[in-house]
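Participant: Given next are the chains, with one letter for each unit.
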Amino acid sequence: MNDPHVSRDLSVYLDAELAPADRARVSAHLEDCARCALQLAELRATATMIAALPSPRPSRSLVPSLAPRWNWLRPVRSLSAMASGAFLMVFLVAAVAQSGSDLGGGPASPFGRTAAQPAAAPTAAEQVTLEAASPPPADVRVAVPVATAQPAPAAGAADGTPAAPAEEQETEDAASAPEERGAAAATAVAADTEGVRQVYGLGSEPLTPLVWLGLAALAALFAAVAHWRLRAA
Amino acid sequence: MQQDAAASAALLDRARRGEGRAFEDLARGLEGPLFRHVLRILGTSADAEDVVQDAMVSAWRSMSSFEGGSFRAWIFRIATNRAIDVVRARRRRGELPLEPPEDAEVEWAEPADPGLEPAEIASQAEALAAVEEALLGLPAEQRAALMLRDIEGFSYEEIAGITAVEIGTVKSRIHRGRLAVRNVLVARGWRSSAG
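Sequences listed follow chains A and B, in order. So the number in our numbering is just where the residue sits in the first sequence, counting from 1, plus 221. So the number in our numbering is just where the residue sits in the second sequence, counting from 1, plus 1.
Simulated from the structure, these hints should not be mistaken for lab results. All residues carry an ideal CB built from backbone N, CA and C; glycine is no exception. Honestly, I wouldn't trust all of these hints.
Quick partial rundown of chain A residues pointing at chain B, CB under 10 Å, derived from the structure [what the hints assert, rightly or not]:
1) Leu231
2) Leu235
3) Asp236
4) Asp253
5) Ala268
6) Ser276
7) Val284
8) Arg298
9) Thr429
Some chain A residues close to chain B (C-beta under 8 Å, calculated; not the full set) [said to hold, decoys possible]:
10) Leu264
11) Met270
12) Pro277
13) Ser305
14) Arg452
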């Protein structure tokens, strides 16, 4: 009560939080009191040391993820998934069309020819051989012109060769009725195949089905990566 | 400085309108200070990280109730309250020893021997470790008030708002806390050069 010192006010004084009148009173006392001046110095040094403590950092980010950073990937994911499906469909159509044209003893490759080797170019007099299914005289082969149903100007025309109807050629004399039916069926398949190609834009230089399959896989990969990134975000 | 204040005000305005990215930017600037503050209240990094993260999520969810003023003081209030709640819960479970009464009188301890000057002490890791140890010996509320002042630089009025007590209580906590830390240092043989 009768303590003349200002020890209790020193921290508030140090922090400049005293009212002006109290501040003037403490300042006046400090000029004459060595003990209070020493205590003030010690408090100031203590505060300085507390302020000098190191600042540890957290081991991980503590800020919640609120902003949808990867939103732009959503349309990419959807478009990629749709593109994958579309490419897969085109792949199937192309594969069916290709295999249809290769019925019965075509080239060994499952998807036959490449764009540089058009399957249906009629001017090249390319012939697709059909092995008669029944009865199977193994050595009987009938050559069927591919483009008799729908001749189209193509590679042959491009290099100046007139587009002539493919000539029918018998490689072996086999005029039995089942063989004729087989030949007719092969002709129909070839005609259908050509129609499909035109409908789907495969035209005279179709991409191989493998290309469509690759595009489908690529689009599916894009969709999967976008999906994974969106989930991770 | 004014540009920083204007940018912070713009971020705060966007965050209050529900823009998550703006809140993230605000919170990122306070992540370090909040963590060191809560760490010194709790003493363990893992708990401090959890409390700060919870406080940030809580602040984001409560942005609509933020009435303006200092966003920094507001989020410090949330984090400080959570940290002190954790300390009290630990104490109830007996995981922490009982603290000394907050209103216990703290006397000015006399130095045993002449020692190093405070300026020299501050440059020594050993002295800083002694300060850390002394802080951990304070009641959690006192420790929080002292750090809010000496480390984070809040005014007494802001500290009163953060800790939800009267300014008189803040003055008392800060003074007693500083004096207790000073006494620990003096007990280690350090004294002011003026002595």
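Participant: Work down the list of hints and note, for each, if the structure agrees.
Facilitator: Hint-by-hint comparison with the structure:
1. Leu231: Holds: closest Cβ of chain B sits about 7 Å from A:Leu231, inside 10 Å.
2. Leu235: For A:Leu235, the interface hint holds, since the closest Cβ of chain B sits about 8 Å away, which is under 10 Å.
3. Asp236: Because about 7 Å separates A:Asp236 from the closest Cβ in chain B, which is inside the 10 Å limit, the hint holds.
4. Asp253: Violated: closest Cβ of chain B sits about 15 Å from A:Asp253, beyond 10 Å.
5. Ala268: holds (5 Å)
6. Ser276: holds (5 Å)
7. Val284: It holds, given that the least Cβ distance between A:Val284 and chain B is near 5 Å, below 10 Å.
8. Arg298: violated (21 Å)
9. Thr429: violated (47 Å)
10. Leu264: With Cβ-Cβ at 5 Å, under 8 Å, it holds.
11. Met270: Holds - the Cβ of A:Met270 comes within 8 Å of chain B, reaching about 5 Å at its closest.
12. Pro277: holds (6 Å)
13. Ser305: At about 32 Å, which exceeds the 8 Å cut-off, the nearest Cβ of chain B leaves the hint on A:Ser305 violated.
14. Arg452: violated (18 Å)
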